[in-house]
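Got chain H sorted already, so can you dock chain P onto it with the hints?
2 protein chains.
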Amino acid sequence: MKLVKTIQEVREEVKKARGSGKVVGFVPTMGALHQGHLSLVKRARNECSFVVVSIFVNPTQFGPGEDFARYPRQLSADLTLLEKERVEIVFAPSTEEMYPADSSTVVEVPKLSKVLEGKFRPGHFRGVCTVVVKLFNIVQPDFAYFGWKDAQQLIIIKQMVRDLNFPLTVVGCPTVREADGLAASSRNVYLSERQRALAPVLYQTLKLMEAMVKAKKITETRKLVRAGRQFLMRHSGLQLQYLKAVDSRTLQPVPRVKPGVLVAAAVKVGRVRLIDNILF
Amino acid sequence: MKLVKTIQEVREEVKKARGSGKVVGFVPTMGALHQGHLSLVKRARNECSFVVVSIFVNPTQFGPGEDFARYPRQLSADLTLLEKERVEIVFAPSTEEMYPADSSTVVEVPKLSKVLEGKFRPGHFRGVCTVVVKLFNIVQPDFAYFGWKDAQQLIIIKQMVRDLNFPLTVVGCPTVREADGLAASSRNVYLSERQRALAPVLYQTLKLMEAMVKAKKITETRKLVRAGRQFLMRHSGLQLQYLKAVDSRTLQPVPRVKPGVLVAAAVKVGRVRLIDNILF
Numbered sequence: 097m098k099l100v101k102t103i104q105e106v107r108e109e110v111k112k113a114r115g116s117g118k119v120v121g122f123v124p125t126m127g128a129l130h131q132g133h134l135s136l137v138k139r140a141r142n143e144c145s146f147v148v149v150s151i152f153v154n155p156t157q158f159g160p161g162e163d164f165a166r167y168p169r170q171l172s173a174d175l176t177l178l179e180k181e182r183v184e185i186v187f188a189p190s191t192e193e194m195y196p197a198d199s200s201t202v203v204e205v206p207k208l209s210k211v212l213e214g215k216f217r218p219g220h221f222r223g224v225c226t227v228v229v230k231l232f233n234i235v236q237p238d239f240a241y242f243g244w245k246d247a248q249q250l251i252i253i254k255q256m257v258r259d260l261n262f263p264l265t266v267v268g269c270p271t272v273r274e275a276d277g278l279a280a281s282s283r284n285v286y287l288s289e290r291q292r293a294l295a296p297v298l299y300q301t302l303k304l305m306e307a308m309v310k311a312k313k314i315t316e317t318r319k320l321v322r323a324g325r326q327f328l329m330r331h332s333g334l335q336l337q338y339l340k341a342v343d344s345r346t347l348q349p350v351p352r353v354k355p356g357v358l359v360a361a362a363v364k365v366g367r368v369r370l371i372d373n374i375l376f
Numbered sequence: 097m098k099l100v101k102t103i104q105e106v107r108e109e110v111k112k113a114r115g116s117g118k119v120v121g122f123v124p125t126m127g128a129l130h131q132g133h134l135s136l137v138k139r140a141r142n143e144c145s146f147v148v149v150s151i152f153v154n155p156t157q158f159g160p161g162e163d164f165a166r167y168p169r170q171l172s173a174d175l176t177l178l179e180k181e182r183v184e185i186v187f188a189p190s191t192e193e194m195y196p197a198d199s200s201t202v203v204e205v206p207k208l209s210k211v212l213e214g215k216f217r218p219g220h221f222r223g224v225c226t227v228v229v230k231l232f233n234i235v236q237p238d239f240a241y242f243g244w245k246d247a248q249q250l251i252i253i254k255q256m257v258r259d260l261n262f263p264l265t266v267v268g269c270p271t272v273r274e275a276d277g278l279a280a281s282s283r284n285v286y287l288s289e290r291q292r293a294l295a296p297v298l299y300q301t302l303k304l305m306e307a308m309v310k311a312k313k314i315t316e317t318r319k320l321v322r323a324g325r326q327f328l329m330r331h332s333g334l335q336l337q338y339l340k341a342v343d344s345r346t347l348q349p350v351p352r353v354k355p356g357v358l359v360a361a362a363v364k365v366g367r368v369r370l371i372d373n374i375l376f
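Line by line, the protein sequences are chains H and P.
Heads up, the first sequence is in the numbering used here, so the first residue is 97 and it goes up one at a time.
Heads up, the second sequence is in the numbering used here, so the first residue is 97 and it goes up one at a time.
Hints listed in this document are in silico derivations from the structure and should not be mistaken for laboratory results.
The C-beta atom is built at its ideal place from N, Cα and C for all residues, glycine as well.
If you only want the chain P side, here are some residues facing chain H, beta carbon under 7 Å, derived:
hint: 1; residue: 203
hint: 2; residue: 207
hint: 3; residue: 230
Chain H with its partners taken away, still in its complex shape:
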């Protein structure tokens, strides 16, 4: 495994690999790696002969007042984990390497970026799209791996890759969960013991909604969301930001549950923001 810090070095490494006929898999991360990230890396390792993982806490996807400064950074622990997964290249650039002083180009999927997370984190997906385009152009992978945990991010990136004709395939991978159902997230380390005990209610809410649909008790999304909201509200200490049932392509509300409907939610537990979703 090779740790590289500059764009030029990654390009050279990938070029060499391509030259010898390798298929390049890419897993972009912000580090603070957990089982969710590692599942993406394992998938890339299975499907590709050359695996690049980037570790870059991207400032442009954090809003003012968000957790950019305190976002967990633990490069050496991350490298140990990636070494075990037999990754070829870890790309860990500095902020200056990625964003020279005069950079100003932005990439956006406006239609998909103003709802759900986008409503609570204006500019977030512009930052995500921009850095992902940069990373795609730097690494030029054949396959890029993203988790369903960040469903809206995955959907936006798929749309962006289609719209901008990137010559690569985006692979969405299932959410990895703790034993009690909480979705693996780098932000889970922010949770106090009490908050951590409360956090699984988010996924329990989604599972309850799923069960109601499977039992054919509810098909109208309006009623389904109301039931979910009522369940969630019973647990004090969780503050609901949104709970919506949307079309997983357009992210627009749909009247009835059917295959392709995404139920996505965000809650705050104290200052910690958690998101989760299920796809029908």
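Just chain P now, kept in the frame of chain H:
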């Protein structure tokens, strides 16, 4: 020379060329080819072993009320010209091929896109950047050729390529002019005989300004622009939209003329809009 209409076909052709070690040069155009375009093609032909020219009148870079519908289209004449230049591939996609119904991703360089042309054509450079990113991802050239005639476009695309880390080199080529100095443009065919006679005044103005600087008569841009404006105003029938001296990297006004200063102007002759510029 091969005419291809689908993205998949271009990709296959370029892949084959790459496989046999070719260097790919790309000239994006909107067709209605003139000597300006052909100078870009010749340059690409000189520097690259595989030349792709695209012909696509990009709807997203035209504003409402602009000339998208009447923009000159003459594919078979264009093909004859390109055949003579020994181009390998002409990519002439339909609008549907380039913009499927649900496309919505946009690419922008906001800081550079609101001044000069951008002020008079809101959204224009967003359309340009978006289609150029698409074309870059489709063709994946090593070199892409643009004319200095559209100086702001060239400057924006250079910035975009830097910012988004596209693995290619943008080559800016000198403006090609008619014998009387009028910059070659597909829109020149709109000019009536009287308008055509008047049109060279735009370049004469720029040359006069250049001469004043060379004679060290003027170094302050404020005075230089005033002198240019006065000269231009003497010719009735030309309506000045802007005449500015800016830094050619930031497109921001500069107090004094020095190397790297761009003097850019737009005029209307009747309904026809003409642009031109000189770079110190």
